[in-house]
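Q: Keeping their order, the protein sequence lines are chains A and B.
With UniProt numbering as the guide, the letters of the first sequence map in order to residues 1 to 271.
With UniProt numbering as the guide, the letters of the second sequence map in order to residues 1 to 234.
Hints were generated in silico from the structure; no laboratory data involved.
Careful, some of the hints might be misleading.
[Said to hold, decoys possible] Quick list of in silico lysine-lysine cross-link-like pairs, DSSO-like style, CA-CA up to 30 Å:
1) K140(B) x K58(B)
2) K261(A) x K152(B)
3) K21(A) x K84(A)
4) K118(A) x K137(A)
5) K243(A) x K48(A)
6) K243(A) x K261(A)
7) K260(A) x K152(B)
8) K122(B) x K197(B)
9) K140(B) x K51(B)
10) K230(B) x K260(A)
11) K230(B) x K261(A)
12) K243(A) x K260(A)
[Claimed, not checked] The following residues of chain A were derived to be distant from chain B, with all beta-carbon distances above 10 Å:
13) F40
14) R71
15) M133
16) E139
17) R150
18) E208
19) A215
20) P257
21) D264
22) T267
23) G268
24) R269
[To be verified] Here are some chain A residues pointing at chain B (derived, C-beta under 8 Å):
25) I76
26) Q90
27) I92
28) Y93
29) L140
30) H224
31) Q227
32) N256
Note that beta-carbon positions come from the ideal geometry of N, C-alpha and C, so glycine has one too.
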Amino acid sequence: MSVDANLAATAAQAPADKAGKLKMSGNGVNVFYGDKQALFDVDLNIYKNQVISLIGPSGCGKSTFLRCLNRMNDTIDVCKVTGKIVLDEQDIYDKNIDVVELRARVGMVFQKPNPFPKSIYENVAYGPRIHGMTRSKDELDDLVTSSLRRAGLWEEVKDRLDQPGTGLSGGQQQRLCIARAIATQPEVLLMDEPCSALDPIATAIIEELIDELRANFTIVIVTHSMQQAARVSQKTAFFHLGKLIEEGPTDQIFTNPINKKTQDYITGRIG
Amino acid sequence: MATPDNEHIVTSYEDELTSLTRAISEMGGMVEVAITNATQALIRVDHELAKQTANGDKRVDDMQRLIDEQAVSMIARRQPMAGDLRHIVSAIHVANDLERIGDIAKNLSRRTLHIDSQRVSKQLYNGVRHMSDLSLQQVKRALDAFTARDSKIAIDVCRRDDEVDSLYISLFREFLTYMMEDPRNITDCTHLLFCAKNLERAGDHATNIAEAAYYLETGGNLYNDIESGKVSLG
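Please put together the full structure from these sequences, using the hints given.
A: Okay, structure coming up:
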């Protein structure tokens with residue numbers, strides 16, 4: 001199938017009213033850690049209600065790019081970002097932007113599950129509470145319940161909400177972190193290798209969840225598993241040595257990539 | 001176009017892909033010999049060679065099973081991507097088409113066993129021989145396209161399929177004339193007509209192989225690309 005036909009097919013699969021709307025975009029993004037340049041002139045569009053996978057060998061800049069999307073790189077002193085990153089037509093590096101509010105709109109799930117050393121309930125309630133999202137205990141309870149439900153964890157924890165989140169299994173902890181991330185009702189969800197510490201069953205549950213979450217969120221996922229990228233995403237972007245080499249519909253990238261570097265990486269010829 | 005001239009980091013994966021291509025070449029060789037022998041047996045009314053050829057088809061079937069098993073095992077163990085995925089999937093397709101060409105050789109041979117002697121004109125047998133040469137040439141070129149990953153040869157094979165079809169149509173008319181001339185020719189002419197039709201089908205399988213070769217190199221569908229004007233048979 002030609003690239004255009006693939007694009008048309010991908011567009012046809014997504015709901016018409018939501019698909020094709022630009023949610024975030026990077027234009028000429030450069031990132032420096034001190035003198036070392038980690039990203040070179042990256043242009044990438046992220047569309048609403050789509051999952052986009054960022055793939056590439058270790059140190060290629062995919063996580064760096066992901067962290068630019070909610071300004072997580074601000075926490076690193078020597079890190080400098082140039083270029084423009086836009087969320088709903090708003091430059092997120094503009095000096096008037098409230099970074100705390102930005103991170104509520106662009107949530108993040110990390111590689112290792114990192115629940116707070118608090119109860120399961122408090123893990124999820126923490127974000128909505130500090131952002132003042134609910135007016136009463138009942139409302140907060142509802143939000144915690146619905147977040148845990150959407151993360152596919154409710155049935156497993158509903159009888160022990162007061163127990164520590166750290167007591168759950170790895171896969172459950174990761175779903176707790178996802179529940180925590182979606183409790184603040186973000187618009188974009190960033191996931192940095194969310195399944196790399198999980199067994200195949202827990203991975204399958206998270207992947208199923210990603211597919212369900214796509215209806216309400218825009219998801220950017222960094223993964224080292226080609227198969228995972230192929231399974232969960234509609235678009236895939238391949239990074240190599242800090243540059244965006246190729247991006248396109250996932251089907252095309254994994255069956256017929258245009259760039260030779262992409263082909264070599266996904267078939268296991270360069271590391 | 002992305003072609004894999006770098007080797008895999010996992011060398012055994014590389015070896016398996018090479019072995020798959022080698023198996024296809026070997027199977028292609030078996031099928032070419034089978035068609036050549038089946039045609040020879042028909043023209044010389046050589047029942048012994050016909051029997052040998054018909055019995056030899058089992059080896060072709062076994063080879064296809066082997067290639068299938070190898071391909072399925074690689075998909076399960078390696079989770080192939082991009083060019084490798086196309087390599088394995090097209091190998092399955094090509095092996096399937098080669099198996100069908102093998103069946104055609106078997107059919108020709110079995111039909112030969114029903115012919116006692118050349119009652120009709122030598123010229124008619126020559127027509128079938130010509131048909132066989134042309135189809136065999138198509139099969140060889142299609143296999144070349146596959147092993148060399150050469151989409152130009154693949155396009156050329158599809159272009160030439162018309163020649164095979166035209167030859168079949170002209171043979172068909174010739175056989176009809178002979179049958180109308182003398183009803184005693186009907187039995188032999190019918191056998192030969194079926195042989196010609198079978199060989200025309202072998203040509204169709206050659207174009208299928210060429211399509212697989214085109215897909216292997218470009219990732220595209222040859223007929224879609226012709227329809228969209230991306231490729232011209234000119």
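Q: None of the hints should be skipped; say for each whether it holds.
A: Hints, verified against the model:
1. Among the hinted pairs, K140(B) with K58(B) is consistent with the structure: their alpha-carbon atoms are about 21 Å apart, no more than 30 Å.
2. Taking the CA atoms of K261(A) and K152(B), the gap is about 24 Å. The hint holds against a cut of 30 Å.
3. Between K21(A) and K84(A), the direct Cα distance comes to roughly 18 Å. Compliance with the 30 Å bound is thereby established for this hinted pair.
4. Restraint check for K118(A) and K137(A): the C-alpha separation of about 18 Å stays at or below 30 Å, so the hint holds.
5. Taking the CA atoms of K243(A) and K48(A), the gap is near 24 Å; set against the 30 Å cutoff, the hint holds.
6. Between K243(A) and K261(A) the CA atoms are separated by roughly 11 Å; this keeps the pair inside 30 Å, and the hint holds.
7. Simply put, K260(A) and K152(B) have alpha-carbon atoms about 20 Å apart, close enough for the 30 Å limit, and the pair holds.
8. Taking the CA atoms of K122(B) and K197(B), the gap is about 19 Å. The hint holds against a cut of 30 Å.
9. Proposed proximity of K140(B) and K51(B) is supported: the alpha carbons are some 24 Å apart, at most 30 Å.
10. For the hint pairing K230(B) with K260(A), the CA-to-CA distance comes to about 22 Å; that is within 30 Å, so the pair holds.
11. Taken as a hint, the K230(B) and K261(A) pair is honoured in the structure, with Cα atoms around 25 Å apart against an allowance of 30 Å.
12. Taking the CA atoms of K243(A) and K260(A), the gap is near 14 Å; set against the 30 Å cutoff, the hint holds.
13. With 10 Å as the threshold on Cβ separation, the claim that F40(A) sits away from chain B holds: the shortest Cβ distance comes to roughly 22 Å.
14. Non-interface status of R71(A) relative to chain B is upheld: no Cβ of that chain comes within 10 Å, the nearest being about 33 Å off.
15. No beta-carbon of chain B is positioned within 10 Å of the beta-carbon of M133(A); the least distance is around 42 Å.
16. The claim that E139(A) is not at the interface with chain B holds, since no C-beta of that chain comes within 10 Å of its own (minimum 46 Å).
17. No beta-carbon of chain B is positioned within 10 Å of the beta-carbon of R150(A); the least distance is around 30 Å.
18. For E208(A), the shortest C-beta to C-beta distance to chain B comes to about 19 Å, beyond the 10 Å cut-off, and the non-interface label holds.
19. Interface exclusion of A215(A) from chain B stands, the closest Cβ pair being 28 Å apart, more than 10 Å.
20. A Cβ of chain B approaches the Cβ of P257(A) within 10 Å, the least distance being about 5 Å, so the stated non-interface status is violated.
21. Once the 10 Å rule is applied to beta carbons, D264(A) is inconsistent with being away from chain B; the minimum gap is 5 Å.
22. Non-interface status of T267(A) relative to chain B is broken: a Cβ of that chain comes within 10 Å, the nearest being about 5 Å off.
23. The claim that G268(A) lies off the interface is violated: its Cβ sits roughly 5 Å from the closest Cβ of chain B, which falls inside the 10 Å cut-off.
24. For R269(A), the shortest C-beta to C-beta distance to chain B comes to about 4 Å, within the 10 Å cut-off, and the non-interface label is violated.
25. About 32 Å separates the beta-carbon of I76(A) from the nearest beta-carbon of chain B, more than 8 Å, and the hint is not met.
26. This hint is violated: Q90(A) has a C-beta 37 Å from the nearest C-beta of chain B, more than the 8 Å allowed.
27. Taking 8 Å as the C-beta cut-off, the interface hint given for I92(A) is violated, the closest approach to chain B being about 34 Å.
28. Interface restraint check for Y93(A): the shortest CB-CB distance to chain B comes to about 35 Å, outside 8 Å, so the restraint is violated.
29. For L140(A), the shortest C-beta to C-beta distance to chain B is roughly 44 Å, which exceeds 8 Å, and the interface hint is violated.
30. Contact between H224(A) and chain B, as hinted, is not supported at the beta carbon level, the nearest pair being about 13 Å apart and thus beyond 8 Å.
31. At a threshold of 8 Å, the smallest CB-CB gap from Q227(A) to chain B is about 6 Å, leaving the interface hint in force.
32. Annotation: N256(A) was flagged as interfacial toward chain B, and the flag holds, the nearest CB pair being 3 Å apart, inside 8 Å.
The structure fails hints 20, 21, 22, 23, 24, 25, 26, 27, 28, 29 and 30 (numbered hints given earlier, in ascending order).
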